[in-house]
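So the sequence lines, in the order shown, correspond to chains A and B. Letter by letter, the first sequence follows residues 732 to 1187 of our numbering. Letter by letter, the second sequence follows residues 732 to 1187 of our numbering.
Don't read these hints as lab results, they were simulated from the structure. A portion of the hints provided could be inaccurate.
One copy or any two copies: either way a pair holds, since identical chains are not told apart in the list.
[Claimed, not checked] Keeping only pairs whose Cα atoms sit at most 27 Å apart, straight-line, the calculated DSS-like set for lysine-lysine is:
id	residue 1	residue 2
1	K912	K927
2	K1024	K997
3	K876	K993
4	K794	K1123
5	K963	K993
Owing to the predicted nature of the structure, the values given are computational and were not obtained by experimental measurement.
So you can see what is in the structure, the chains are spelled out below.
There are 2 protein chains.
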Amino acid sequence: MDIKDLFKDIKKYEGKEVTLEGWVRNNRNQSNFGFIDLNDGTYFKSMQLVYDKDSSDFDKFSKIKVGSAIKVVGILVKSEGSGQSHDLKIKSVDVLGDCDSDYPLQAKGRPTREFLRDIAYLRPRTNLFNAVFRVRSVAAYAIHKFFQENGYVYVHTPIITANDGEGAGQMFQVTTIPLEKIKGEVDYSKDFYGKKVGLAVTGQLEGETYALAYKKIYTFGPTFRAENSNTKTHANEFWMIEPEIAFCDLNGLMDIEEEMLKFVVKYVLDRCPDELKFLDEFVEKGLLDKLNKLVNSEFTRITHKEAIDILKEANIKWEFTPDYDSDIAKEHEKYITEHFNGPVFITNWPKDIKAWYMKLNDDNKTVAAVDLEVPGAGELMGGSQREENYDKLMQRCKDLNVDTDTVDWFCNLRRFGGCYHSGFGMGFERLVIYLTGVENIRDVIPFPRTPGNCDF
Amino acid sequence: MDIKDLFKDIKKYEGKEVTLEGWVRNNRNQSNFGFIDLNDGTYFKSMQLVYDKDSSDFDKFSKIKVGSAIKVVGILVKSEGSGQSHDLKIKSVDVLGDCDSDYPLQAKGRPTREFLRDIAYLRPRTNLFNAVFRVRSVAAYAIHKFFQENGYVYVHTPIITANDGEGAGQMFQVTTIPLEKIKGEVDYSKDFYGKKVGLAVTGQLEGETYALAYKKIYTFGPTFRAENSNTKTHANEFWMIEPEIAFCDLNGLMDIEEEMLKFVVKYVLDRCPDELKFLDEFVEKGLLDKLNKLVNSEFTRITHKEAIDILKEANIKWEFTPDYDSDIAKEHEKYITEHFNGPVFITNWPKDIKAWYMKLNDDNKTVAAVDLEVPGAGELMGGSQREENYDKLMQRCKDLNVDTDTVDWFCNLRRFGGCYHSGFGMGFERLVIYLTGVENIRDVIPFPRTPGNCDF
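With the hints as extra help, turn the sequences into a complete structure.
Put into structure tokens, the structure is as follows:
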């Protein structure tokens, strides 16, 4: 049986024979007693197996190696120790898979996170990464649950694409042309798709086409940036959630963002209590308080101008001077969320620092964009109302040198029953970092892709 | 309000004023009356809006174009017509977004599926594709729901990878080397990852590493094949579900496959009654019967040898002669499922036609693989118990020329607490084809990628 099911109803099994299969996390023995921590991955905690000198198999049990897979039959008894409520008194053990002596995860010592990245295929066997990737899984499900139960349609937007979406131009190229055979000019008519294509940086544009059919849609899939930056927050391959809603303005969008985030955090709090307790204790002191506070907070809504006013009025020597025409820096984000003691939506940004498809406000200077700043996370979501006026959109494309040939279908949406609509994007890893307190994006992606790193 | 919510509780709104926003599917008028079909995408059915000559705006209403986005205020009344229970009597209409006259989805005529593929960004506005992509979304959620509620961890395996998994070698290459600048030899040490990489054909290998930590995991993400074949069932980019379970043998795997499939089909039957009714009527007669039958069937389990015996005994002139050492053909799959009048698991396949990582049976001739054959779908899932013996696995790698350098970590799993474990893969599009009755894979992927086709 799964250790999770055993723990769920443990009193029922007292005095009964129980069979478990799992991996040995630790095997300690003294002259008369021995203890094995058995973890089967279904539950954060391990089951303590006990064996004593009376057993004719004492020697055999005491030699079972850390890392081995075993099948154990035993009797569940109340524990005499203080660390756990119950023990399993071993009757018999089958070693299903032995563990070679070069196993890098011995019970002794605490390996660094850097070391564990090199053995990413083994790290979910540690408490830390077991907790992180369980939270990642549960958070992913919470996102699906929120949108599906609110009537959104999940859309799989394409990964291989000819449009570069944001216009940032940092795309990986995808090809079947044998590079070794290229001599001078490249004939893309002979490439697999007859043209130059790459990996999608966003699914938003395709998402909008479905929002104008279903009203409420979301994407949740991998996106890519061939960005050559080695920071704690950048990976080349990461998962994004991009909801898009027709007949929804900027205020409606903020309502959805707030409701979704609270739902997801609450869901993870409910489903991962042991994992979060561990992370609160060993990774980010105060994590649980932070998450509980978010669920019960009111999100503030201010404009970019108001944010800059507040920053300018603050009696602080900024590294970056707050500016009405510019983006805000990390130090500003931090100050703003502390100032309001909670999450803050900042709206109506200067048009020149935002994307081409965002709706121009009547002032002709700002766009109806919104960033959500969260204490301890910085910018967690970014969204906007979309420009629904065809002529204004074409003008923006012109001004910003967007190649309309690859996005004519997107622009056409404005001619064929266009309507006011809005959407946002949330980097999933940023959410997982927030939920777990783990700081480095390399530690919240099972097999991260960063410049020079493509192992496994 | 959403039309879905209106229909859910329609009696409550009788005689009340209701405001709706949506798109005009049709606008018909006679001398004294006019009818608009309004669809907002939240519900399969449209709401019928009525207006009459008494209204001073009759002319305005009658000119509203098909495809336009409108906001309408009206009074909900019992319908005098036979096609619907209620009408909305229009009080006022705002045209939020007009529709240009070159709109390809006019109410008259029924465009072909081929034509609609060219305007894939508009096709979810048709009944057919609206139904298909709603079913796709609901089925995706059902899969997550099944695995999450049974304690599985959802793992995002990498898309960009250096290992070719199945060893099939049909990978797209991913690069940031400017192709135009290549002169002769290619220096991969200067590529983004310092080596040759491509798009993943499977997440199974990485999935196994997590199964040996969490016991039960699943993947659900895009996979890629640079296969130059133009058939109804091949796409280059498709989504796969790859569950992997430790301490699970082939029989346990079949239990899971059967339980999952029934759960997903039942869930879609419950959640998409209008969509399936439409598909049953216009796409595949008998679709509902087929799906209901599957949910209530017992899946048969036979060996490959037994299947060949049955095929040989059948009094049929086969195009492909059934053979104990070979794969079975489509005609055979069909016969077997008809013979047993339901889904059939076929186990223990000749090792030479199956993948290198499958567990060798004691006969040294077959592997513990299983394909699930489903009436009307053919092979829907393929799985196996995995070879857990390190030496046997290395031998198979040698025999089949698998490059162990890129999968040494995978092989190491057998040295570090390996155990018996099993997994399967299901192509998500194949499931959607089965659920909708739509035959062509291009019609169940929002923006399909097939040789030469990479629009949007």
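*State whether the alpha carbon distance between K963 and K993 is at most 27 Å within one copy, between copies, both, or neither.*
For K963 and K993, only the intra-copy Cα distance (25 Å) is at most 27 Å; the inter-copy one is 43 Å.
_At most 27 Å between CA atoms: does that hold for K794 and K1123 within a copy, between copies, both, or neither?_
Intra 75 Å, inter 26 Å, cutoff 27 Å: inter-copy only.
*Are the CA atoms of K912 and K927 at most 27 Å apart within a copy, between copies, both, or neither?*
Result: close both inside a copy and across copies, 17 Å intra and 15 Å inter.
*asked:* Checking an output row: K876 and K993, CA cutoff 27 Å. Within, between, both or neither?
replied: Both: 13 Å inside a copy, 20 Å across copies.
_As a check of your reading, is K1024 near K997 (CA-CA no more than 27 Å) within one copy, between copies, both or neither?_
within (10 Å within a copy, 39 Å between copies)
When each numbered hint is compared with the structure, no violation occurs for any of them.
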